[in-house]
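*Asks:* Generate the whole structure from the sequences, applying the supplied hints.
Heads up: the sequence lines are chains A and B, in that order.
In the numbering used here, each residue's number is its place in the first sequence (first place is 1) plus 575.
In the numbering used here, each residue's number is its place in the second sequence (first place is 1) plus 16.
Since the hints were derived computationally from the structure, they do not count as laboratory data.
C-beta: ideal position from N, C-alpha, C; glycine also.
Please note that a few of the clues may not be correct.
Just so you have them, the derived chain B footprint on chain A, three or more residues with Cβ under 8 Å [stated by the list, open to error]:
id: 1; region: 613-623
id: 2; region: 654-665
id: 3; region: 683-693
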Amino acid sequence: MRVPISVTVNGTVYHHEVEPRLLLVYYLREVLGLTGTHIGCDTSNCGACTVMMNGLAVKSCTVLAVQANGAEILTVEGLARDGQLHPIQEGFWEEHGLQCGYCTPGMMIAALQLLQRNPDPSEAEIRHALEGNLCRCTGYQHIVNAVRYAARKMKESGAMPVGGR
Amino acid sequence: MAVTRVFGARIKRREDPRLITGTATYTDDIVIPGMCYTVIVRSPYAHARIKRIDVERARKHPGVVAAFTGKDLEGKVNPIPCAWLIPGSDLKTPPHPALAVDRVRYVGEGVAVVVATSRHAAADAASLVEVEVEPLPAVVNQEKAMQPGAPQIHDGVPNNVAFHWKVSSGDVGRAFQEADVVIRQRMVNHRLIPNAMEPRSCVAAYNRGSGDLTIWMTSQNPHIHRVLLSGILGIPEHRLRIIAPEVGGGFGSKIPCYADEAVVAFCAMQTGHPVKWGEDRRENYLATAHGRDHIVDLEVAAKKDGTITAIRGTCYANLGAYLSTAAPGVPTILHGLMMCGPYTIPNIDYEVYGIFTNTTPVDAYRGAGRPEATYYVERLVDMVARKLNMDPVEVRRKNFIPKDKFPYTVATGITYDSGDYEASLETLLRIIDYPNFRKEQEKAWKEGRYLGIGFSTYVEICGLGPSQVAGAVGFQGALWESALVRVHPTGKVTVLTGASPHGQGEETTFAQIVSEELGIPIEDIEVLHGDTEMIPMGWGTYGSRTTAVGGAALFVACRRIVEKGKKLAAHLLEASEQDILFEGGRFFVKGAPDRAKTIQEVALQAYLAWNLPAGFEPALEATAFYDPPNFTYPFGAHACIVEVDPETGTVKIRRYVAVDDCGRVVNPLIVDGQVHGGLAQGIGQALYEYAYYDDFGQLLTGSMSDYAVPKASQLPPFETARTETPSPHHPLGLKGVGETGTIASTPAVANAVVDALQPLGIHHIDIPLTPPRVLAAIRQAQGR
Chain A
576 MRVPISVTVN GTVYHHEVEP RLLLVYYLRE VLGLTGTHIG CDTSNCGACT
626 VMMNGLAVKS CTVLAVQANG AEILTVEGLA RDGQLHPIQE GFWEEHGLQC
676 GYCTPGMMIA ALQLLQRNPD PSEAEIRHAL EGNLCRCTGY QHIVNAVRYA
726 ARKMKESGAM PVGGR
Chain B
17 MAVTRVFGAR IKRREDPRLI TGTATYTDDI VIPGMCYTVI VRSPYAHARI
67 KRIDVERARK HPGVVAAFTG KDLEGKVNPI PCAWLIPGSD LKTPPHPALA
117 VDRVRYVGEG VAVVVATSRH AAADAASLVE VEVEPLPAVV NQEKAMQPGA
167 PQIHDGVPNN VAFHWKVSSG DVGRAFQEAD VVIRQRMVNH RLIPNAMEPR
217 SCVAAYNRGS GDLTIWMTSQ NPHIHRVLLS GILGIPEHRL RIIAPEVGGG
267 FGSKIPCYAD EAVVAFCAMQ TGHPVKWGED RRENYLATAH GRDHIVDLEV
317 AAKKDGTITA IRGTCYANLG AYLSTAAPGV PTILHGLMMC GPYTIPNIDY
367 EVYGIFTNTT PVDAYRGAGR PEATYYVERL VDMVARKLNM DPVEVRRKNF
417 IPKDKFPYTV ATGITYDSGD YEASLETLLR IIDYPNFRKE QEKAWKEGRY
467 LGIGFSTYVE ICGLGPSQVA GAVGFQGALW ESALVRVHPT GKVTVLTGAS
517 PHGQGEETTF AQIVSEELGI PIEDIEVLHG DTEMIPMGWG TYGSRTTAVG
567 GAALFVACRR IVEKGKKLAA HLLEASEQDI LFEGGRFFVK GAPDRAKTIQ
617 EVALQAYLAW NLPAGFEPAL EATAFYDPPN FTYPFGAHAC IVEVDPETGT
667 VKIRRYVAVD DCGRVVNPLI VDGQVHGGLA QGIGQALYEY AYYDDFGQLL
717 TGSMSDYAVP KASQLPPFET ARTETPSPHH PLGLKGVGET GTIASTPAVA
767 NAVVDALQPL GIHHIDIPLT PPRVLAAIRQ AQGR
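*Replies:* This is the structure we're talking about:
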């Protein structure tokens, strides 16, 4: 059985027929070819698959593609606009917030969610907000610095960190 | 032309743009037309006799292309070899079939494989594979596995002892007789799961026409994988191409040659389809090598003044069910030889039993043997201090190898290249304001708060390493590294390195080295790695060797470019070669700096070849294969300050300060990142992580919900500082930094917790220091 869905991903509307059991992360990666979103576990612990769905950070390994029918999704590929990096991407680059890069797309989406809710988070608030995203390389310190950098940058530019800007 | 000095600069990484925009290509991102998917069916039993495996139902499932069992592989896929055959240890190497044939020996061992046109079809069909077994008694604890009557895991390996290795020096018996204090302590250095965020995966494509096999795989060392898989699959090395695309972390777990990649390659060869495989996290926990897992009985002898005179120990190392690629070398060469730490301990007697159990194979995990050694030695030093009522800092000072004694050969026989242990300790004490901390601690204790400080002064063996030594200790390979520097006609540079970085940032640091040496802007330099068809033979990334050995190879290659460039510049400038100097990217005549050619101009002329000196070969590129004369020995001093909640047993890290000395630093930002990541893993072992098996061989911490990879909120901000003692034998003075944090931090945390609990008379608690364990120790000490 296949179910028709219509999903807006990074501003583009897609129509597909999918198996009901297809996970959103596989839909993004293998149907749409958006491989920036990664899979790191099967228990919703690692957060490598984090994407924005209707403005909320979700773990796309725990959402069925059919549940995303009608939804607006933002993935790492949609963060930069017109060749300009999003301040969060800039922060991760400037502050060495990544090493192997595998957790980074999900980590950045989780950071985006945080900054939407709290534009000026403390170190403890950043660490708390990123609890659902595991990184094995950085020890998190440079990630915390990256998020702070992004917060500063967004404050300076007056840009609201809305999904996809 | 002025070039900004980039060596030693805190510049941001050049690999990041693709990683932060989601445009990097990891193995699982690769799609090839006609590609099929595989699922490996794994044993749910830790030990069982296989009676029957039936793949017929699976084969008939829609979408299934093929299904194979171990019998189908017989004669076509050779057993998986071990590549570190330590001599003089009576090492047993029982066969490790790529898929089990008559017996399974751990939960997660592959028994069959299904190939299908879709991921879902492969998973569905895998569930249709029927495996009938006769369960056998299992043993997971290494000490129990050695006991008479324990289940025998392999034929011809009595008592499951894979090897018995020993290092011995001096007169240990006498040292113990003459000691003022002797301390005996059993310690457990528990099993860990590496947890690279990217699980293992591969894509194999076989061209039946040409006989070429290409495998994209999550590898830390593609050339080693090519050699080993060539032997396993019977494919000539020149027909086999291994590509490590973007690799999402390894920490040692992507060094070994596993059965799975060989099985997947076999599927590609049999079916003619490109085939993809990727483990999910549960499979990763079961089928990818684990780390650590020692039980060790230790004794230390010391004099009244704190001088440590001997260490004696027996280590029982759990190897899991089969010998993984480097497994025998980890608890021996990389561990036992480091049992002197940074100290002048003259007498050592240390033996290691490597033991098979019905668990996932154990191999290198970040630090690989050295974190275990540092943990034991640093705990023992603290115990000596406690027993003698001395400051642990003083005991360390008392025993440090003095800085004017380097190169220094320790009792285990290895020669440390350089060190200034006192300097790193002094720097540390200054940062933490040690005297004040002790006052604060006294006050806290009076208030019933348990505040403690733990030190770890460590040394590690890195920059693996001299090939002759590698051979002498049974490593079935070499440890030199390659670099190729190609200056193009337009003066742009491509660098190929035989190391295989996967997050460590060498695309940046290597470009910094080349920029420094050739005076070429960093933007004009590209560093490539990880493809055996393109890159000269090299040995990969592990053992903090990439910059330490690969960086030296790069330096030599750059110097060859300069030498060749000088010849051509002399010709073009009509000067003698001896009169040509090279600086800042310019060849110029001594005493006449305006008579000059830039390296870009020289490169163009070298390619055009219209006007070359006699005997000069066109083009401007150089290759170097650098075999280091010794290992490098980074060191440092770490301190951890904790507060223990006596009601819950919770340990809170209040401060963590790391002073590391990795020789000269190419990029401080990247070095900080390496230290931070290492600290997270070492602290993870001290406080959170534990791979736990029940008596039936089931991994109870079999998912990320159960195994505690540290989260952002569970780690403190780290304070880092450095001293700089160059390696005297490395052409750039580098030592390597990839493992320092992991090696140093576990004992710093453990020492801090024990220090905090001094008022209760607690002398030791085995790691991980989880709240239940700490609370139990507190309750016991309080007689509750």
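*Asks:* Would you mind marking each hint as holding or not holding in the structure?
*Replies:* Structure-based check of each hint:
Only residues whose C-beta sits within less than 8 Å of a C-beta in chain B count toward coverage, and the region 613-623 of chain A has 9 of them, enough to reach three; the restraint holds. Counting residues of the region 654-665 of chain A whose beta carbon lies closer than 8 Å to any beta carbon of chain B gives 4, which reaches the threshold of three, so the coverage claim holds. Coverage of the region 683-693 of chain A by chain B is violated in this model, with 1 residues showing a Cβ closer than 8 Å to a Cβ of that chain against a need of three.
Hint violations for this structure: number 3 only, all remaining hints satisfied.
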